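Undergrad: Sequence:
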Amino acid sequence: MTWNVENLFDTLHDEGFHDEQFLPEGPYKWTSSRYWRKLNEVSKVVAAMSENGGIPDIIGMCEVENDSVLTKLTRHSALRGLGYDYVMTHSEDARGIDVALLYQPVSFRPLELQTIRVPSREEGLRPTRDILYAKGLTIAQEAEETPLYMDTLHVLVVHLPSRVGGHAGDTNRKLAAATLWGVVDSIMAHATSVRDKVPRIVVMGDFNTDANDRIFRHQPLQLTDDRTSPGTYCFRGIWQWIDHILVSSSVRAKGAATPVQCPWLLEKDMKYGGEKPRRTFRGPAYHGGISDHLPLVLDVLL
Numbered sequence: 061m062t063w064n065v066e067n068l069f070d071t072l073h074d075e076g077f078h079d080e081q082f083l084p085e086g087p088y089k090w091t092s093s094r095y096w097r098k099l100n101e102v103s104k105v106v107a108a109m110s111e112n113g114g115i116p117d118i119i120g121m122c123e124v125e126n127d128s129v130l131t132k133l134t135r136h137s138a139l140r141g142l143g144y145d146y147v148m149t150h151s152e153d154a155r156g157i158d159v160a161l162l163y164q165p166v167s168f169r170p171l172e173l174q175t176i177r178v179p180s181r182e183e184g185l186r187p188t189r190d191i192l193y194a195k196g197l198t199i200a201q202e203a204e205e206t207p208l209y210m211d212t213l214h215v216l217v218v219h220l221p222s223r224v225g226g227h228a229g230d231t232n233r234k235l236a237a238a239t240l241w242g243v244v245d246s247i248m249a250h251a252t253s254v255r256d257k258v259p260r261i262v263v264m265g266d267f268n269t270d271a272n273d274r275i276f277r278h279q280p281l282q283l284t285d286d287r288t289s290p291g292t293y294c295f296r297g298i299w300q301w302i303d304h305i306l307v308s309s310s311v312r313a314k315g316a317a318t319p320v321q322c323p324w325l326l327e328k329d330m331k332y333g334g335e336k337p338r339r340t341f342r343g344p345a346y347h348g349g350i351s352d353h354l355p356l357v358l359d360v361l362l
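Under our numbering, the sequence shown is numbered contiguously, ending at residue 362.
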């Protein structure tokens with residue numbers, strides 16, 4: 061599962077980052093009650109997945125502020141009973157938002173973790189979010205009397221630069237994508253799998269662009285978007301696919317990646333018609349929703 065959870069900030073200032081909007085005295089009036097409500101709403105969505113085949117073994121999250129947020133989400137919110145652990149980046153993004161990977165230790169055991177920095181500053185561009193790389197063992201057991209089955213999985217979580225900023229933003233996104241595909245190429249060249257020579261790779265996150273963008277033209281993985289679904293993000297009444305899950309050929313997808321459409325994630329679009337994600341804020345006004353993105357889920361066989 062991958063999900064941009066729309067500005068999941070705590071209520072304290074992180075020195076060196078521009079998070080002043082998300083403080084109790086800031087323009088968004090981000091209070092503890094609003095913060096905890098959002099944590100529990102995020103938890104509710106993850107827990108609801110158990111009704112459709114089980115909670116996700118791994119979750120890529122975008123727009124989380126720091127370790128404090130992830131600790132509260134996994135240890136103190138309604139999610140605490142599900143046993144998730146996490147790893148995350150600590151990037152140079154001006155607002156201090158990062159990407160994270162939540163995982164079930166009973167089914168994914170991290171072996172290697174890396175934070176991969178996009179060389180934006182070196183190119184005279186605004187620093188962006190780091191790419192999170194986690195290499196781990198997937199663990200499965202068909203029955204209590206059968207031995208554990210383990211194989212290696214490479215997971216990358218990304219949040220590429222947005223289209224805000226015109227040419228500079230587009231250039232920065234291309235640079236971040238090139239960095240990402242360079243990592244994938246390196247894994248392809250050097251990693252080996254227990255069962256065959258093609259490493260098992262999953263890349264997921266918010267790419268801030270659709271599958272027709274040039275950043276996808278020569279990448280070495282397979283997009284899994286369910287193009288019969290409208291998308292994961294709605295702007296002025298138009299649904300878009302800007303969140304994606306990509307896999308290597310050795311990862312067998314059971315169908316396509318599908319947006320999660322729990323009723324409480326959506327609301328009527330009074331201006332453009334239809335429905336749209338129920339976001340946390342409309343401009344600076346608190347709206348009480350969870351995110352402007354829908355979660356994206358893919359079931360795979362390894």
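No lab work stands behind these hints: they were computed from the structure.
Everything numeric in this text was worked out from a predicted model, so none of it was measured.
Please note that a few of the clues may not be correct.
In silico DSSO-like pairs for lysine-lysine, Cα to Cα no more than 27 Å straight-line [as the list claims (entries may be wrong)]:
(1) Lys104 to Lys257
(2) Lys132 to Lys234
(3) Lys234 to Lys195
(4) Lys314 to Lys257
(5) Lys314 to Lys331
(6) Lys328 to Lys195
(7) Lys314 to Lys89
(8) Lys257 to Lys195
(9) Lys104 to Lys328
(10) Lys132 to Lys89
(11) Lys328 to Lys314
Computed spacing ranges between beta-carbons, pair by pair [stated by the list, open to error]:
(12) Lys257 to Gln174: 43 to 53 Å
(13) His347 to Lys257: 46 to 56 Å
(14) Glu111 to Arg140: 37 to 47 Å
(15) Pro84 to Glu111: 14 to 24 Å
(16) Met330 to Gln300: 28 to 38 Å
(17) Thr288 to Arg312: 36 to 46 Å
(18) Gly348 to Asp270: 23 to 33 Å
(19) Lys257 to Ile298: 17 to 27 Å
(20) Leu171 to Tyr332: 38 to 48 Å
Positions of the beta carbon are idealized from the N, C-alpha and C atoms, including for glycine.
Undergrad: Output the numbers, in ascending order, of every earlier hint that fails for this structure.
TA: 1, 2, 5, 6, 7, 11, 12, 14, 15, 16, 17 and 19
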